[in-house]
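Chain residues, written in single-letter form:
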Amino acid sequence: MPNPGHSPDTPSPQPDAERRRRALARKWTYLLSGVVVVPLTAEELDRELGEQLDAVCDGIGAGQYDPKVLERVGDRLCALGYIGEPGLRCTLEVLGKGLLALPEFQPVESTAERIVLGLGALAVGFLASNQRAVIEQQESMQLSLFKAVRDAKSNLRESEARFDEVATSSSSGIMIISLDGQLVRANAAIGDILGYLPAELTGTTLFDLVHPDSADVLRDAMRQLLDGTETRIRQSQRLLRKNGETARISLTTSLLRGTDDEPSHLVIVVEDGTELMLLQGELKRQVLHDVLTGLPNRQYFGSNLEAALRRADPEHGVTLLHLDLDAFGMVCNSLGRQAGDRLLVHVAQCLKVVLSREKAMIARFDGDEFGVLLENSATTPDVATIVADINAELAEPTFVDGHGLAVSVSVGVVHRPSPDLDPTELLRAADLALRRAKTRRGQWELYHPDQDAHDREAQALAVSMPGAWEQGEVVAVYRPVARLADGATAGVEALLRWDHPDLGPLDHDRCAALAEQTGLILPLGEWLLRVSSGQAVWWKNVPLIVGLTAHQAADADLTNRVVRVLKETGLRPGQLTIGMSVQALRVPEAAENFGVLADMGVATMLDGFGGGAADLVLLDELPVRSVRLAPSPFATELAAMVHGSGATILVSGVDTEEQAASWHSAGADLASGDLFGTARLPGDLSF
Amino acid sequence: MAQQRDWVPQDVDISVPSMARTYDYILGGGHNFAVDRAVGVQIEQIMPGLRQAARVNRAFLGRAVRFMADQGIRQFLDIGSGIPTVSNVHEVAQSRDPECRIVYVDRDPIAVAHSELMLAGNDRAAIVHADMRDPESILASPEARRLLDFDEPVGLLMLLMLHWVDDESDLPGLLARYGDALAPGSHLAVTHASGDHQGREVTDATEVIRRSRSQDQMNLRTHAEIGALLKGFDLVEPGLVGCGEWRPEGPADISDSPDMNMLVYAAVGVKS
Ligand SMILES: C[S@@+](CC[C@H](N)C(=O)[O-])C[C@H]1O[C@@H](n2cnc3c(N)ncnc32)[C@H](O)[C@@H]1O
Chain A
1 MPNPGHSPDT PSPQPDAERR RRALARKWTY LLSGVVVVPL TAEELDRELG
51 EQLDAVCDGI GAGQYDPKVL ERVGDRLCAL GYIGEPGLRC TLEVLGKGLL
101 ALPEFQPVES TAERIVLGLG ALAVGFLASN QRAVIEQQES MQLSLFKAVR
151 DAKSNLRESE ARFDEVATSS SSGIMIISLD GQLVRANAAI GDILGYLPAE
201 LTGTTLFDLV HPDSADVLRD AMRQLLDGTE TRIRQSQRLL RKNGETARIS
251 LTTSLLRGTD DEPSHLVIVV EDGTELMLLQ GELKRQVLHD VLTGLPNRQY
301 FGSNLEAALR RADPEHGVTL LHLDLDAFGM VCNSLGRQAG DRLLVHVAQC
351 LKVVLSREKA MIARFDGDEF GVLLENSATT PDVATIVADI NAELAEPTFV
401 DGHGLAVSVS VGVVHRPSPD LDPTELLRAA DLALRRAKTR RGQWELYHPD
451 QDAHDREAQA LAVSMPGAWE QGEVVAVYRP VARLADGATA GVEALLRWDH
501 PDLGPLDHDR CAALAEQTGL ILPLGEWLLR VSSGQAVWWK NVPLIVGLTA
551 HQAADADLTN RVVRVLKETG LRPGQLTIGM SVQALRVPEA AENFGVLADM
601 GVATMLDGFG GGAADLVLLD ELPVRSVRLA PSPFATELAA MVHGSGATIL
651 VSGVDTEEQA ASWHSAGADL ASGDLFGTAR LPGDLSF
Chain B
1 MAQQRDWVPQ DVDISVPSMA RTYDYILGGG HNFAVDRAVG VQIEQIMPGL
51 RQAARVNRAF LGRAVRFMAD QGIRQFLDIG SGIPTVSNVH EVAQSRDPEC
101 RIVYVDRDPI AVAHSELMLA GNDRAAIVHA DMRDPESILA SPEARRLLDF
151 DEPVGLLMLL MLHWVDDESD LPGLLARYGD ALAPGSHLAV THASGDHQGR
201 EVTDATEVIR RSRSQDQMNL RTHAEIGALL KGFDLVEPGL VGCGEWRPEG
251 PADISDSPDM NMLVYAAVGV KS
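Protein chains in written order, with the UniProt record's numbering: chain A, 1 to 687; chain B, 1 to 272.
Rather than coming from a laboratory, the hints here were simulated on the basis of the structure. You may find that some hints are simply not true.
As the list claims (entries may be wrong) - With the Cβ distance kept under 8 Å, some of the chain A side facing chain B (calculated, not the full set): (1) A112; (2) M141; (3) M330; (4) G610.
Said to hold, decoys possible - One side only, chain A facing chain B, incomplete, derived with CB under 8 Å: (5) S140; (6) A152; (7) F207; (8) S377; (9) W469.
Stated by the list, open to error - To spell it out: a stretch of chain B is covered by chain A in this simulated footprint if at least three of its residues, at any positions, have a beta carbon under 8 Å from a beta carbon of chain A; those stretches are: (10) 137-145; (11) 215-223; (12) 228-240; (13) 243-253.
We put the beta carbon where it would ideally sit given N, CA and C, even for glycine.
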């Protein structure tokens, strides 16, 4: 590397001095290479630093101190690669000591000042250059970001352009063809018209499908489109069906352009005139149906859910199943996408077979997910039997590309939801149950933790809850939480209470369990959070505690709900404590929500802490602000264990002074219970 | 529809960190955004020597490419190439022989855009925007077809890459498909993070990444598990070892801290 600071007319140092310089350069190389990242081999770096050391020595050499030379060395050093602060520190340490010891700079009294100034100049040069480099790197990242966004948009535009073409001009089959005639995409209708499976069309060219006598006319048309003389050409063509028959078909061909406005593909819309009516029906079906399996799609399913819920026999209700194929990704990865597609078709068939005797709507959701809505009757088997039948059917291997595949599904189940439940909440509930089931393959999970699922009374109660809530029978009540040290009120816990006209008041735990069964807990829980947050603000920001059920805790929408409520009510996140039980937190989604809430500044509480190993892990791994202890004979030990973690300790059910005193000495900080006041309506409390 | 991509391209979302940019930050570069630096800082707090480990990995990249070049390899496929930083594969390889051809692959759209900008004008190197889990779209990409000759040995690099692929994706099957596509004499170089030596710290760092909601998520594997992934290749001496222990040539190749030499395992294998 030529170095402008190293002028050829500088007198060479004496042999000994030369040797000492080389030794210093080697040391510099050795130490520097351990802290920086440079694209040079050890020898290259050694050579480079040798030259730089010469420049340094010349720059501070007797009588000719030149800061510019040293600054250039700093600049050069920076340009070697990722040097940064560690590299500069190492350089200054090595040269600081090393230069002072070089024979050419003896006696030190006469050179020390120039060495100090020189290293300062080197650092200045490095700093300036490093700053420039960082700015350049940052700018190059901005540029890359813009480019990435633009590229992503243009891909999107391209596919949207294709899609528009499909949507506007289609009443039947569609093919997308590359400019050299290769078939890129074809929809199912093409296959139907020509008698192929969509997969069989992969890799064919347009001209494989066209009757030889028609090929020339078609080629001409393509040329005209490419020349730009025509934008859309409609011809009657003869195509070849798989069985060798000729089909007289009208083809509309048009050109697709990419973002660069260059022609990128051809779109061919195929109409089988003889079957036009049929095809129009088909198109309508396609909008609401999944092309691959022919099943209704999610939109169709969603929009029919509401009607089905209303129509359902009130005695037996409906059951919603959300199914997900296990290991579908593995099938696609190892056998390819098309094998995956065939498998999906097979699964759709199996579902139809198993459910053929039931009144069921089967839909394909996205990817490998299916939905089933069963309208139950007296003869409908129970959920366990249905899931077992489905899995038994799927366990029969099906042959895809010569591989016998047997698969299983995981299923989320919502059994007999309340007919008033909003369909989107219902789908979400099924999805939540599915996520839980997914943790163990081939399993199903009822959105319904209660064991006495068949307890009609409980069912009836659960089902009547939404109406009761609407009637104002379900209310928010508040239980004071006191500081054990002095008995002062430290906040309130918001709870549900159902003032049932026949059964009397049902407490929070009962309400939550009932609402949990039917999915009502998601809207009801958000409501409790909202009114209590508003109330807490009204009470001049009294700290508020709200406990969540397992399904609320794992709800993918939880953080949005909390953000929304905080925004609407103006409650500061730090004033809100959200509790999740240790059981609920074993579900990864819940733990994730917990972390996000903590990041948002919400005070997070580990509820029902029992001191088991798993509980301790949670305490250790999650950002826990407070812990509510489960009743336990080892209270003192538990409190001590938690105390070390820095979390505030809450206890409940404290009814007497003695209990309060014993908890206090055990290390608990806050308590609720009869001693400090029962849960009541907001009007009966003041702050 | 007849043909579809098997994978969903990552979003351009700079509200979450990308591991390509975070890695650049840890190496000491400026090709990153505030979110990336924030996780970088958190991970460095958990593992103060992390910069060492990154440097040691990057140094291994240089040794592996030079080793392959010395074995006669002139074409390279670098999957999970990240943000071009210092000592990129094409620079190392082309400094040995300017005829070397390199195809980079990454799924991170910003890393890809950056690479495209940097490689503009280099007709012997190109980048493909694709996911490692979709070998066909990589092997059949126009760039690979233009620059690589699969009848000749290829140097395949997957450095700090495989631990972003989860077990659901059938990694052994994927590696087998790459192996099948390569001519005998092709080389594979791999580095892979592990919790074998710094279990606690590595788990914590993994957790930081998980919470950051990055689109890259860590899958830690043990020495035995990584070894099993490479069974289709004959590993050259010294086998699968701590990155700093793979044929170090000088202080640039190792760290003072044994833990940082062992944080990622490294190996080079040959397809027979
Ligand atoms: C830490 S960087 C490694 C850079 C370089 N290989 C090195 O070792 O110095 C890891 C890169 O792998 C990419 N990556 C992760 N998973 C990938 C996948 N499935 N397919 C392609 N690239 C992936 C990330 O985007 C990131 O750029």
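Going through the hints against the structure:
{"no.": "1", "hint": "A112", "verdict": "violated, 30 Å"}
{"no.": "2", "hint": "M141", "verdict": "holds, 5 Å"}
{"no.": "3", "hint": "M330", "verdict": "holds, 5 Å"}
{"no.": "4", "hint": "G610", "verdict": "violated, 23 Å"}
{"no.": "5", "hint": "S140", "verdict": "holds, 7 Å"}
{"no.": "6", "hint": "A152", "verdict": "holds, 5 Å"}
{"no.": "7", "hint": "F207", "verdict": "violated, 16 Å"}
{"no.": "8", "hint": "S377", "verdict": "violated, 38 Å"}
{"no.": "9", "hint": "W469", "verdict": "violated, 34 Å"}
{"no.": "10", "hint": "137-145", "verdict": "violated (count 0)"}
{"no.": "11", "hint": "215-223", "verdict": "violated (count 0)"}
{"no.": "12", "hint": "228-240", "verdict": "violated (count 0)"}
{"no.": "13", "hint": "243-253", "verdict": "holds (count 4)"}
Of the numbered hints given earlier, the model fails hints 1, 4, 7, 8, 9, 10, 11, 12; all others are met.
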